[in-house]
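Peer 1: Residue numbers (this note's numbering), protein chains in the order written: chain A, 1 to 368; chain B, 1 to 368; chain C, 1 to 368; chain D, 1 to 368.
The hints are simulated quantities; they were obtained by calculation from the structure and are not laboratory data.
A portion of the hints provided could be inaccurate.
Chain B regions said to be covered by chain C (calculated; three or more residues, Cβ under 8 Å) [claimed, not checked]: (1) 52 to 58; (2) 128 to 138; (3) 201 to 210; (4) 295 to 302; (5) 310 to 324; (6) 342 to 355.
Pair by pair, the computed Cβ-Cβ distance ranges are [said to hold, decoys possible]: (7) D:SER7 / C:GLU256: 33 to 39 Å; (8) A:LEU132 / C:GLU256: 31 to 37 Å; (9) A:SER6 / D:GLU309: 28 to 34 Å; (10) C:TRP114 / D:ALA313: 44 to 50 Å; (11) D:GLU256 / B:PRO27: 57 to 63 Å; (12) B:THR363 / C:LEU31: 38 to 44 Å.
Because the structure is a prediction, the values reported are computed rather than measured.
For each residue, glycine too, the CB sits at the ideal point set by N, CA and C.
There are 4 protein chains.
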Amino acid sequence: MKFTQSSLRVGELATGQELSVPVYRIPAQDLDAPSVFIQANVHGAEVQGNAVIFQLMKQLEKLDVRGEVTLLPLANPLGINQKSGEFTLGRFDPITGVNWNREYLDHKLDVASWYQEHGHLEDKALIKAYRLLLIESCQTHLNNEWGVTTGKRLAVTLQRLAHEADIVIDLHTGPKSCKHMYCPEYDVASASLFSIPFSLVIPNDFGGAMDEAAFCPWWQLAEYVQSQGRDFKVPVSAFTLELASQERIDMEDALEDAKGILAYLSHRGVVSDKLEPAEMARYGCYLKDYKKFHAPTAGLVEYKAELGEPLKAGMVLANILRLDLYGTDNELTGLSLEQDCVPILHFASASVYQGTELYKVMTNLFEL
Amino acid sequence: MKFTQSSLRVGELATGQELSVPVYRIPAQDLDAPSVFIQANVHGAEVQGNAVIFQLMKQLEKLDVRGEVTLLPLANPLGINQKSGEFTLGRFDPITGVNWNREYLDHKLDVASWYQEHGHLEDKALIKAYRLLLIESCQTHLNNEWGVTTGKRLAVTLQRLAHEADIVIDLHTGPKSCKHMYCPEYDVASASLFSIPFSLVIPNDFGGAMDEAAFCPWWQLAEYVQSQGRDFKVPVSAFTLELASQERIDMEDALEDAKGILAYLSHRGVVSDKLEPAEMARYGCYLKDYKKFHAPTAGLVEYKAELGEPLKAGMVLANILRLDLYGTDNELTGLSLEQDCVPILHFASASVYQGTELYKVMTNLFEL
Amino acid sequence: MKFTQSSLRVGELATGQELSVPVYRIPAQDLDAPSVFIQANVHGAEVQGNAVIFQLMKQLEKLDVRGEVTLLPLANPLGINQKSGEFTLGRFDPITGVNWNREYLDHKLDVASWYQEHGHLEDKALIKAYRLLLIESCQTHLNNEWGVTTGKRLAVTLQRLAHEADIVIDLHTGPKSCKHMYCPEYDVASASLFSIPFSLVIPNDFGGAMDEAAFCPWWQLAEYVQSQGRDFKVPVSAFTLELASQERIDMEDALEDAKGILAYLSHRGVVSDKLEPAEMARYGCYLKDYKKFHAPTAGLVEYKAELGEPLKAGMVLANILRLDLYGTDNELTGLSLEQDCVPILHFASASVYQGTELYKVMTNLFEL
Amino acid sequence: MKFTQSSLRVGELATGQELSVPVYRIPAQDLDAPSVFIQANVHGAEVQGNAVIFQLMKQLEKLDVRGEVTLLPLANPLGINQKSGEFTLGRFDPITGVNWNREYLDHKLDVASWYQEHGHLEDKALIKAYRLLLIESCQTHLNNEWGVTTGKRLAVTLQRLAHEADIVIDLHTGPKSCKHMYCPEYDVASASLFSIPFSLVIPNDFGGAMDEAAFCPWWQLAEYVQSQGRDFKVPVSAFTLELASQERIDMEDALEDAKGILAYLSHRGVVSDKLEPAEMARYGCYLKDYKKFHAPTAGLVEYKAELGEPLKAGMVLANILRLDLYGTDNELTGLSLEQDCVPILHFASASVYQGTELYKVMTNLFEL
């Protein structure tokens, strides 16, 4: 089965040129199979997710796809096309500085009131009504008489589409990074169904990102419904996958990641073919134990610690080279941490201000 | 009396070069007179506050200054020196996009517990102890073993110094703007002591800006102390002044603004000379009524509404010119609002994406 | 008569999105009347030329247009859409730094050889053949097997179209600027046919800009043909108009500038209606006397000299304010020049590094 | 022997902060030994040269240094400190777009006249007088009454110091690059004395870069003197070394490159210790055969060709992935060249506009 292509309008450039996102879709063969929404490249430099979507499409066309699959590569045309020097300045709106991945809508629903009105519905109808509520909330926000910001329009337009799906996957990368993923605490078992060695276990709160925007309202609903003594599982799953480093396209590796995602989709019944995730050790850590280490001093940086490999307390993470201090004790300083960790990603540039976020490391890891 | 100059270290550039802020100070003649902290240019393009500090110094040297006065012009050396094309890219950290004026520390104090321990103190001692707590909280934050970001280091280093003062004034400008100021709700009477026609009345919450960082913990203390049946006024005042447009130095106008600030300082007893604010009509509006109007469509913008002048509902705020749509109904579109307002500021550039924040307008104004 | 709209493809963004320029055209009523090419906004922030093209179209639709008129507003879609902070970073390619207006093609023709082959042709046929040569040279350059840069593709695609016209006008603005124009030395009489008070008289050399790209090969041809004893006038005219300041749309002023251009077109017979330029004193200076004054020291700048007004030697051009040097002789320094001049434009920002181009001034002016 | 440190003032930031470059120097033990000037990091992201200077200093302190050695790491403080997003925007002046390495001074000397006056001098005195001329020319340029640009001040201040040396080495890197160097045609034999496999053989013209600025006036002098029948060798050598990729510090590799430079210095008698370059095959190509391949179409790029390895005509250089064209023939396109080459460097980002310089390749290579 082939994907159909359409186009999602998300904004306009100063010249009047329309900003749009390509939307590829395979319709559902089985309306009971979960539907899937996958987007990539909301941060402009994080391009590898597009290659993964490409490989996903090549694979899905050969598989028995039961549920609707909607794929949005190149999801942030403004961010992707924003160069500054030889790199893509795609992490934040160049005008306002706002991170493109912190603009999704917090619906701030009064779940209790809503449930009082709709609690008589059966699960399927309840879910359908709630889904409609979320979609309408997005639409209302976009229609605000005072307008919405460029970033909000992009994010909420994507979110409106994502709310139609049962499974939402947002493909990102780190700056220089090993593969890892964000997984909500209530759904931590799913982390083992992908082919990704490290998982951040995040609380069930809204922090502004797509995955949170997708699962939080459903988790709130489930929690409330359960508190009313009714058996009800969170019906929507959402994950952010960080597929190694930005500014990198690797078609072979993209195929590996596509296969990992397919394994999860197989497990969920989106494809009927039986596909298994890669065998590997998998580790998790709670978001509160995911630490940012900031450059204690400015200088040139030799990144030493290997990403995705355990690093003992006291071992060198990075060297700071200070040519202005040659001949002093501070000409070359090894930086280390006071606790064991696994470095997950580091800064993209080899020179830093004091305070630049140098490394992100997992501490207190546990096997999944 | 002359100002002494010292230097406040706030960071380091990649080359190792120290980032520092000049600090000008006149010591207190009278320890019962309030102390003052004024900073300017935390946003890199908002330079006029420096000229105001210059004129303030020239005036203060001729006056009878009773309380300590501490002045920090050029308060964000990294932001001020960050050019991009012919303009200063100084609103946010060029690496992270974080707004330099949203990095101040929320102490998140447990006021009740603290007051239980210190409630026996007399007002003066209570204030002193609380002030020490705020300063130590800043210091602790700066000493975090994982480091702090570049922007946090700058902000909290400034904040630590600001906490020593009874009056904190942060000098900003809008993009293209008329003069206006931010004034906390509990202190709204003070708005009439400056020479500024428009005031935003803000809630007593912390939103990340310097003025809020300076007054919020004191307002929280006062509120709690009062709830315990003790008479206690908020002992610290803090304001943000928006002195017209960015990328503009006007020495004469700076003198006018300096005189306006001196009128407030005179009223507060910082200077013993009797100085009055300019006579003018003054209007306020609540922050919730301060509306951002976003470009409903992209295009070239002819800004029509005069800043600081009332605009009736339906009158043209701006025209959007669309050369790509010449010959259609949308070639030139007048934008208007559905309610009366006073436009306070507009975007700096004459071309916009869809969603760019075009104007900020006050609605539901009241006379102060 | 109405303009028809078509679209000129000039490149592709990273997402694959086509970059194109709207082309508005009225066909020739009289093939002997000169044809006209006018473009605007090659520098992204210099938007006012678009408004002028808008007003030109509105006027031309009411006039008797004899020659073909081709208008390209929004001529640099990549540059126009490139924001950095609140301003348009549209002066140079954000990747390479190359000025968008220095990318036009120098054909480096061997005029003597060419004339040896084509000298037998009558003027009209000679011009036609040479025009074809220029257009083919552009096309050959665009088809280079190693490709061409983004900026070259844009410039040479525009140039290919411009070569079809007898009159080429490139609409720019200064940063903060009074109105002025660039006029080639051989065509200086034409400067009085526009409504612009100041003219830079430029040598007949190629420096990379559109006006030079348009007239230089023709001037070279004319010079050579004349050297062969044949009477032959330069058949192509080209000008750059600098219509005040960037980041500004003013529809009324655009109408004035449109009328000025129409006066020239009327004089040249492009429109049969009789239209006269505004009455005004007009001054010129040679390019070698157009001086750039660079900031001798860094600091905050109060621009004092009025643009377009004579300034005597020794009078203050600008003040440099140095808050870091308060209390010293250098706290506030008036900058002046050693000769009389007319300041034409100044830098857009109010803070400068040492060496920033602060003002451009005309010296040794003469009445036109 | 230890290096002494001093500081070279090269400009001022908007805040007034001085821009300066650290200068490390060992004085001459033998005035007949050649003197050396090495600078690094004129392009802000090209940091590895600093590490090489660090290792050079460590080595030189243990060697018998005969000639004066002057080392300037971090040679462009403004460029190094200019971040844009997570990378260093250090290739061009952020205000003007001018490449920092195209600002050196072309003295445009009238060598014939000068030699007429000084031709009677013996070689050593002739060289000394000419050197003085070059230094004074720099100084005169810096003292221009109209000022000089920020970039010119930096470049000419560095150049003035470089003119004092007999050997000038400018340390750069490519974006993603293998090691290569630029060597003037007259001095091509020297390319084999470094430990670098690929050399660009450049003409003896001035193109604006430091190496050219250092050797061109001497080559012009030598050529003229020889034309007068006098035996005279070009007394100054200058090279640009491209030490792999930008945004990378590798201390071990820096030691290798330091040893390569020391081998050349040993050969030239700057150090008396006998040091040999690494054994390797070395290849050269003329600058005219160093080809830039521009992206024929926009898209995401998978860089396939290995840098520094021969690539046969028709083999895939890179793949262009176009998610917007999925399902068409253009979804994934392999790019290849029509001739054999060695790819030397490629663009830093994995997404490109149409026309982005994708690869630089050597063609028509010859063994050195």
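Peer 1: Against this structure, judge whether each hint is valid.
Peer 2: For each hint, the structure was consulted:
| no. | hint | result |
| --- | --- | --- |
| 1 | 52 to 58 | holds (count 3) |
| 2 | 128 to 138 | violated (count 0) |
| 3 | 201 to 210 | violated (count 0) |
| 4 | 295 to 302 | holds (count 3) |
| 5 | 310 to 324 | holds (count 4) |
| 6 | 342 to 355 | holds (count 6) |
| 7 | D:SER7 / C:GLU256: 33 to 39 Å | violated, 54 Å |
| 8 | A:LEU132 / C:GLU256: 31 to 37 Å | violated, 55 Å |
| 9 | A:SER6 / D:GLU309: 28 to 34 Å | violated, 43 Å |
| 10 | C:TRP114 / D:ALA313: 44 to 50 Å | violated, 35 Å |
| 11 | D:GLU256 / B:PRO27: 57 to 63 Å | holds, 59 Å |
| 12 | B:THR363 / C:LEU31: 38 to 44 Å | violated, 60 Å |
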